[in-house]
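Q: Sequence:
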Amino acid sequence: MRKWASFPLKEGDVSRQAHADFPEQAIYERETGRSGFFGPATHFHHRHAPTGWSDWQGPLRPHLFNFNEIGKDNANSPWAVPNLLFNAHCKMRTWRLAANMSKLARNADGDELLFIHEGSADLYCDYGHMTVRDGDYIVIPRSTMWRLEPKEPMFILLVEATNDSYQLPEKGLVGNHAIFDAAMLDTPKINDAFKAQYSEDSWQVEVKRHGEVSVITYPYNPLDAIGWHGDLAVMRINWRDIRPLMSHRYHLPPSAHTTFVAQRFVVCTFVPRPIESDPGALKVPFYHNNDDYDEVLFYHAGDFFSRDNIEKGMVTFHPAGFTHGPHPKAFAAGREYKKKFTDEVAVMLDTRDALEMGEAALATENPDYVNSWKVKT
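Counting in the UniProt record's numbering, the sequence shown runs from 1 upward without gaps.
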């Protein structure tokens with residue numbers, strides 16, 4: 001195994017602290033690192049913006065999709081909508097649901113994560129009943145039976161952990177109660193609403209396995225539990241319950257905002273937070289090329305201060321090896337930032353394995369996105 005330097009090496013004019021107190025003649029910092037933001041890394045100081053290209057040719061380019069325009073995500077079943085970004089270990093889809101699900105769903109391929117982008121509903125599942133609203137994450141363990149009854153039209157982001165499960169991240173020095181306390185996680189209840197849906201009427205369950213759907217028919221509603229106990233259950237947390245890590249003197253990496261982890265990818269949540277106040281601290285995301293992970297951002301709400309012309313429901317996809325960072329306008333504003341808080345909510349997916357793009361996603365792509373960093377002449 002290759003042995004890395006056990007302490008930072010340095011050459012030329014450098015800052016002693018990453019993301020702060022840059023040399024006077026170089027206002028641009030670029031991080032190159034391994035294993036996401038957890039491994040060895042080097043910080044370069046540049047005279048020009050690392051994204052200041054005048055032209056870009058070839059397949060290693062960023063993508064901007066407008067998932068508001070997916071034309072095939074209106075369905076009564078989550079298994080009827082196409083995969084938009086996917087690999088062997090995770091699959092991202094959008095789903096628009098306006099009417100009660102007529103069948104139960106069951107994913108035998110892996111855990112399902114639902115992020116409620118718009119709308120609200122009653123969720124019924126093996127574990128009971130709970131109400132869900134915009135901003136909720138719902139983790140549904142593999143092979144759980146469930147259905148939704150919308151109270152208003154829903155726009156849902158789904159991320160499947162294929163052949164895997166979702167866990168909470170290790171929180172290290174800050175302790176188990178940082179970001180959000182596990183006590184904030186809600187579970188379904190066997191309440192009056194759940195008991196009211198007990199039925200001797202025929203129900204069907206659509207089971208997805210290896211991407212194919214089987215249908216099981218019962219002469220009764222199989223959501224008929226009278227109780228349960230254990231440490232495996234449907235869990236819910238809303239982004240409004242997340243208390244982000246921050247430092248007034250140092251711009252924290254995206255990994256500090258991790259919400260869920262699987263073996264080959266992580267899900268992070270960016271929520272409103274105070275902006276760094278130290279005069280020498282970087283106040284916008286730093287330039288970097290994440291050479292081991294593809295990065296996907298789903299924009300949920302607010303003012304996305306590091307990107308121009310981004311609206312809620314849009315998605316950016318930066319493949320591993322692509323150098324990226326704030327757009328020129330955002331970087332310039334960040335040097336003299338007047339706001340004291342960010343005002344954005346976004347879901348980030350970082351995958352260790354390269355993602356493929358589905359036809360439904362490509363149909364909504366803005367091919368000019370790579371030029372948003374282009375040097376103006």
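Keep in mind that the hints are not guaranteed to be accurate.
[What the hints assert, rightly or not] Subject to a maximum C-alpha distance of 20 Å in a straight line, what follows is the list of computed DMTMM-like cross-link-like pairs (lysine to aspartate or glutamate):
id, residue 1, residue 2
1, LYS171, ASP181
2, LYS195, ASP122
3, LYS103, GLU170
4, LYS195, ASP241
5, LYS72, GLU365
6, LYS340, ASP291
7, LYS312, GLU365
8, LYS151, ASP122
9, LYS103, ASP181
10, LYS72, GLU118
11, LYS189, GLU149
12, LYS312, ASP181
These aren't lab readings, by the way, just hints derived from the structure by calculation.
Q: Please go over all the hints and tell whether each is borne out by the structure.
A: Against the structure, the hints:
no. : hint               : result
1   : LYS171 with ASP181 : 11 Å, holds
2   : LYS195 with ASP122 : 13 Å, holds
3   : LYS103 with GLU170 : 37 Å, violated
4   : LYS195 with ASP241 : 29 Å, violated
5   : LYS72 with GLU365  : 15 Å, holds
6   : LYS340 with ASP291 : 32 Å, violated
7   : LYS312 with GLU365 : 15 Å, holds
8   : LYS151 with ASP122 : 7 Å, holds
9   : LYS103 with ASP181 : 34 Å, violated
10  : LYS72 with GLU118  : 17 Å, holds
11  : LYS189 with GLU149 : 16 Å, holds
12  : LYS312 with ASP181 : 28 Å, violated
This entry does not satisfy hints 3, 4, 6, 9, 12, going by the numbered hints stated previously.
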